[in-house]
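Colleague: Residue strings, one per chain:
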Amino acid sequence: MQPTLTEADVAMIRADFPILSTEVNGRPLVYLDSGATSQKPLSVLDTERDFYLSRNSAVHRGAHTLAALATEEFEEAREKVARFVGASADEIVWTSNATEGVNLVAYALSNLPAGSELALVPGDEIVVTELEHHANLIPWQQLAQRTGATLRFIPVDDEGALDLERAPITDRTRVVAFSHVSNVLGVVNPVAELVARAHAVGALVMLDACQSAPHLPLDLHALDVDFAVLSGHKMLAPTGIGVLYGRNRLLNELPPFLTGGSMITTVTMESASFLPAPQRFEAGTQRVSQAIALAAAVDYLTGIGMERVAEHGSRMSRQLIDGLSAIDGVRVLGARGAQRVGLASFAVEGIHAHDVGQFLDDRGIAVRVGHHCAQPLHRRLGLTSTTRASGSVYTTEAEIDFFLEAVADSRAFFGVAS
Amino acid sequence: MQPTLTEADVAMIRADFPILSTEVNGRPLVYLDSGATSQKPLSVLDTERDFYLSRNSAVHRGAHTLAALATEEFEEAREKVARFVGASADEIVWTSNATEGVNLVAYALSNLPAGSELALVPGDEIVVTELEHHANLIPWQQLAQRTGATLRFIPVDDEGALDLERAPITDRTRVVAFSHVSNVLGVVNPVAELVARAHAVGALVMLDACQSAPHLPLDLHALDVDFAVLSGHKMLAPTGIGVLYGRNRLLNELPPFLTGGSMITTVTMESASFLPAPQRFEAGTQRVSQAIALAAAVDYLTGIGMERVAEHGSRMSRQLIDGLSAIDGVRVLGARGAQRVGLASFAVEGIHAHDVGQFLDDRGIAVRVGHHCAQPLHRRLGLTSTTRASGSVYTTEAEIDFFLEAVADSRAFFGVAS
Amino acid sequence: MSDLDGLYQQLILDHAKNPHGRVPLDSPTSQSHQVNPTCGDEVTLSLRVENGVIEAIGWEGHGCSISQASASLLATLVDTLPVAEAESLLEEFRTAMRSRGQIELDEDRFGDAIALNGVSKYVARVKCAMLPWVALEHAMAG
Amino acid sequence: MSDLDGLYQQLILDHAKNPHGRVPLDSPTSQSHQVNPTCGDEVTLSLRVENGVIEAIGWEGHGCSISQASASLLATLVDTLPVAEAESLLEEFRTAMRSRGQIELDEDRFGDAIALNGVSKYVARVKCAMLPWVALEHAMAG
Ligand SMILES: Cc1ncc(COP(=O)(O)O)c(C=O)c1O
Ligand SMILES: Cc1ncc(COP(=O)(O)O)c(C=O)c1O
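Going down the list, the protein sequences come from chains R, X, S and P.
Quick note on numbering: the first sequence equals residues 1 to 418 in the numbering used here.
Quick note on numbering: the second sequence equals residues 1 to 418 in the numbering used here.
Quick note on numbering: the third sequence equals residues 1 to 142 in the numbering used here.
Quick note on numbering: the fourth sequence equals residues 1 to 142 in the numbering used here.
These are computed hints drawn from the structure, not numbers from a lab.
Model, not experiment: these values are computed from the prediction.
Check the hints yourself; a few may be wrong.
Cut-off 30 Å, straight-line C-alpha distance, at most; resulting in silico cross-link-like pairs (DSS-like, lysine-lysine) [said to hold, decoys possible]:
| no. | chain 1 | residue 1 | chain 2 | residue 2 |
| --- | --- | --- | --- | --- |
| 1 | R | 80 | P | 17 |
| 2 | S | 121 | X | 80 |
| 3 | S | 17 | S | 121 |
| 4 | S | 17 | S | 127 |
Some chain X residues flagged as far from chain P (calculated, every beta-carbon gap over 10 Å) [unchecked claim]:
| no. | residue |
| --- | --- |
| 5 | 130 |
| 6 | 314 |
| 7 | 355 |
Where a beta carbon is used, it is the ideal one built from N, C-alpha and C, also for glycine.
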């Protein structure tokens with residue numbers, strides 16, 4: 001296999017995504033909003049449909065043939081996804097999305113009986129970063145509120161880089177939560193260093209892998225994190241499915257979060273006892289077809305090869321950063337020279353992000369505008385909203401060129417070009 | 001429209017469910033496990049696929065054309081589902097399943113600041129019934145544990161009927177949670193009476209509509225309940241999507257449950273403020289395609305007509321109850337003469353439910369065996385596990401006859417026929 | 001005129017650049033702060049209402065050219081109007097914006113503000129145009 | 001023989017009806033209670049182990065014919081066996097049951113219990129056959 005995705009490779013990949021050949025506003029769609037949600041290849045759609053056409057039934061509850069087949073396929077999906085992220089199957093909990101995964105851990109921690117080793121108490125601290133997505137921030141604010149612990153954060157500098165010197169990781173720290181890749185900056189954070197510092201003080205690490213899982217080879221055991229979350233819809237799978245990874249020993253130390261059917265051993269009117277992880281955390285009928293579809297998405301990515309996916313992303317990133325920086329009046333967010341995935345946010349002086357986005361949309365280019373669920377980072381950088389372009393395996397060099405040209409043109413349209 | 005579904009109508013419906021024409025163990029599939037999860041019509045599968053092929057993108061976050069189209073379709077789905085259950089759109093919160101819906105309310109209640117009108121305190125009581133599915137029991141046990149409130153229950157009699165005379169609904173009662181239709185007995189519970197008694201003492205009502213929504217016309221405003229939950233996968237929609245209904249005023253009095261993106265107004269590192277309902281309860285990227293598919297399922301059911309669906313169910317129920325009761329040594333659960341949907345659980349004397357199920361499976365008949373996530377009810381009726389047959393709009397009279405014959409034959413096979 | 005030019009008429013861009021009424025108001029009788037949660041755009045609108053008449057209006061905030069122009073045009077429109085009349089303008093404005101290009105603003109009643117007609121075809125932007133009007137609604141209500 | 005007849009051999013049905021070792025055990029040295037969460041079937045298995053040898057075994061519980069017959073056959077098999085040997089039987093049994101019909105139990109070592117060979121093709125029923133063996137595993141472990 002070539003180490004890079006050639007133009008021909010990408011063209012072949014695009015054939016698997018029919019939506020990329022549609023038009024928007026009479027222009028060919030240029031989809032640069034994959035950081036919000038990716039498009040899905042036919043193999044993913046076909047896998048899910050095929051499940052409904054031939055094997056659909058309840059898993060872990062039925063003894064009939066279809067139920068046994070569905071259960072098997074569902075658990076095979078778990079194994080496949082586990083391998084993809086470098087974990088074992090009993091460390092993979094299905095969720096709706098990454099947001100639910102973070103909330104699950106935060107609630108399970110506050111559901112611990114008082115006096116448990118992992119329980120948080122006043123005086124304990126939770127550390128996040130100033131560049132987190134709201135999904136990896138607010139659940140910890142709420143956990144702090146529920147337990148009396150204090151939330152602290154690692155600040156970012158004027159460029160948006162984490163200021164590790166000022167990281168408030170101390171003996172009081174019990175949890176350190178941070179993203180692998182920022183969804184605003186596209187920059188890969190220093191996981192090894194943060195994990196080492198957290199573990200040195202005995203804190204648990206939660207890694208938000210939403211923006212890394214679709215773009216980089218992921219080995220959670222090697223990264224040595226305690227928990228991690230990701231969302232299927234950002235990595236070629238349908239909406240409604242996500243993953244929480246947790247070290248098996250830790251998952252089994254935590255009490256349940258959601259309760260109901262399929263996660264119990266014995267139930268009386270007075271009390272219930274619970275299955276081991278991962279079932280303990282999977283109450284009610286699961287997202288069966290979506291889990292199976294996520295496994296198909298993982299197959300698709302593995303088929304391309306995650307090393308090549310990563311290389312494609314880093315080339316896109318260079319093209320985006322270099323191209324945007326060359327346009328007068330455009331400020332690109334994030335430190336220069338950092339390792340990145342194919343995603344960049346920027347501000348055009350004198351034009352509001354909404355207006356930039358609208359102008360691009362008129363040319364068929366779909367980008368994200370706003371704070372991208374990272375208000376504190378935007379505030380820190382002195383901005384309210386920015387425009388974000390984010391690619392995926394199906395993004396071409398020509399598309400990014402077309403996008404760069406449109407950004408340049410927007411300045412004339414809104415009368416800010418010199 | 002005829003008031004009943006004729007044989008020809010059902011045959012036409014079956015053509016929309018290709019899985020029903022497949023074989024299992026060399027026998028035509030007879031799917032009588034719809035109570036666990038229903039099969040899905042092509043229109044539902046097509047709707048979801050079509051969304052991914054032409055409009056997929058992030059909702060409520062994007063300003064580009066696809067995002068606007070997706071957001072619109074997503075919100076139209078909410079309106080459609082709201083109409084189907086007799087509610088307004090701002091009272092419909094998307095969840096993964098009914099289990100999550102019950103948990104959401106239970107957690108939101110314990111997230112209320114101390115002193116809030118709706119907050120539970122020691123001395124307060126939560127009332128459930130002895131026939132609940134674990135999903136509408138364990139979350140309340142856990143809420144009681146978190147708040148110090150006491151869980152009480154309405155007992156069932158030897159036949160499995162609710163003993164309303166012994167309902168412990170008093171001035172101390174703050175929540176009354178019960179199922180519209182029991183997933184074991186198939187019997188419709190006396191909603192009006194329970195709601196009246198709950199409201200007379202100022203308690204909130206949570207209705208578990210999992211087994212009614214697929215089978216009966218539902219008008220939540222008319223039923224006057226405060227909250228209700230249902231699961232899409234039981235009503236012809238995909239897995240991974242459910243609905244929590246809440247009176248708008250109540251939803252807006254409750255604090256959030258899951259927190260993260262898309263449910264906030266302003267976020268700082270220290271705190272966050274939240275959108276009104278329903279967005280307040282929809283953190284993170286939503287189950288967009290699944291919500292749209294649920295709306296398609298609702299269209300499908302509405303196309304048949306819920307009155308006819310209900311009539312079909314009550315005919316199935318008679319055939320099941322009469323047929324099973326006529327077999328020697330078969331005990332059918334639930335009070336005679338009660339209003340029912342097309343679902344029946346039974347025990348065959350001398351044969352364990354697992355063995356009955358296995359025997360039926362050999363003939364291609366899929367039924368559920370076990371405690372059906374209702375251990376307390378089974379224990380009360382002196383059983384550990386039973387066999388359950390449950391139909392849907394696609395179930396034929398001939399299938400039920402075939403099933404009844406197989407149940408009779410199982411007795412000879414296992415040597416218990418006299 | 002392309003759709004985009006229809007949305008961003010010169011008048012809109014001008015109002016966005018040099019907005020009317022973008023001033024803090026001395027001794028307001030009521031005020032409302034509104035945020036668009038997607039983009040973080042904000043407007044704080046202040047009124048001085050006396051005897052049922054809007055005697056003065058002022059606003060502050062930041063946002064896209066649509067929301068800024070809308071606030072500016074609103075300020076010129078409702079200044080010195082009786083509250084009841086401002087309310088009826090608000091209803092007409094909302095109806096037009098939500099009409100997906102089906103209903104246009106009445107030129108006699110809205111004057112220059114009809115330049116906002118292009119917005120109603122852009123469902124995702126209706127919120128931007130409505131932001132100051134929602135602030136007006138809340139300010140008038142309390 | 002149909003698959004179903006292969007699963008429910010007469011010997012299985014007989015053991016299920018008249019199980020061996022289904023008695024409470026006096027002064028057990030260890031005990032394990034196991035539940036199948038799907039159906040609520042339970043088994044409590046008691047051992048009296050002396051000098052590394054299973055001197056007595058007894059079990060109680062209820063369940064389907066597969067789990068009952070499996071418990072009955074287990075009781076006849078491991079009674080008076082050294083623990084180490086019972087452990088190796090357990091491993092072989094588990095391997096065969098999980099093999100989806102690929103690996104059969106060795107008749108020399110398992111005797112009548114080879115009647116359980118039919119189970120391994122029924123993935124959903126493997127748990128039933130394993131239930132008493134898992135209880136044995138836990139009881140032997142302590
Ligand atoms: C009556 C009832 N309540 C609740 C549930 C839970 O539904 P789900 O597993 O989809 O959350 C079910 C079905 O499993 C049910 O039948
Ligand atoms: C870095 C990061 N974390 C968390 C999330 C939340 O993911 P979701 O909305 O799928 O739960 C996202 C995307 O929205 C993200 O980019």
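Colleague: State for each hint whether it applies.
Modeller: Results of checking the hints against the structure:
1. 80(R) to 17(P): violated (42 Å)
2. 121(S) to 80(X): holds (23 Å)
3. 17(S) to 121(S): Measuring from Cα to Cα gives roughly 23 Å; hence the hint holds.
4. 17(S) to 127(S): At roughly 20 Å apart (the allowed maximum being 30 Å), residue 127(S) and residue 17(S) satisfy the hint.
5. 130: Check passes; 16 Å lies beyond 10 Å.
6. 314: For residue 314(X), whose nearest Cβ neighbour in chain P is about 29 Å away, the distance exceeds 10 Å, so it holds.
7. 355: violated (5 Å)
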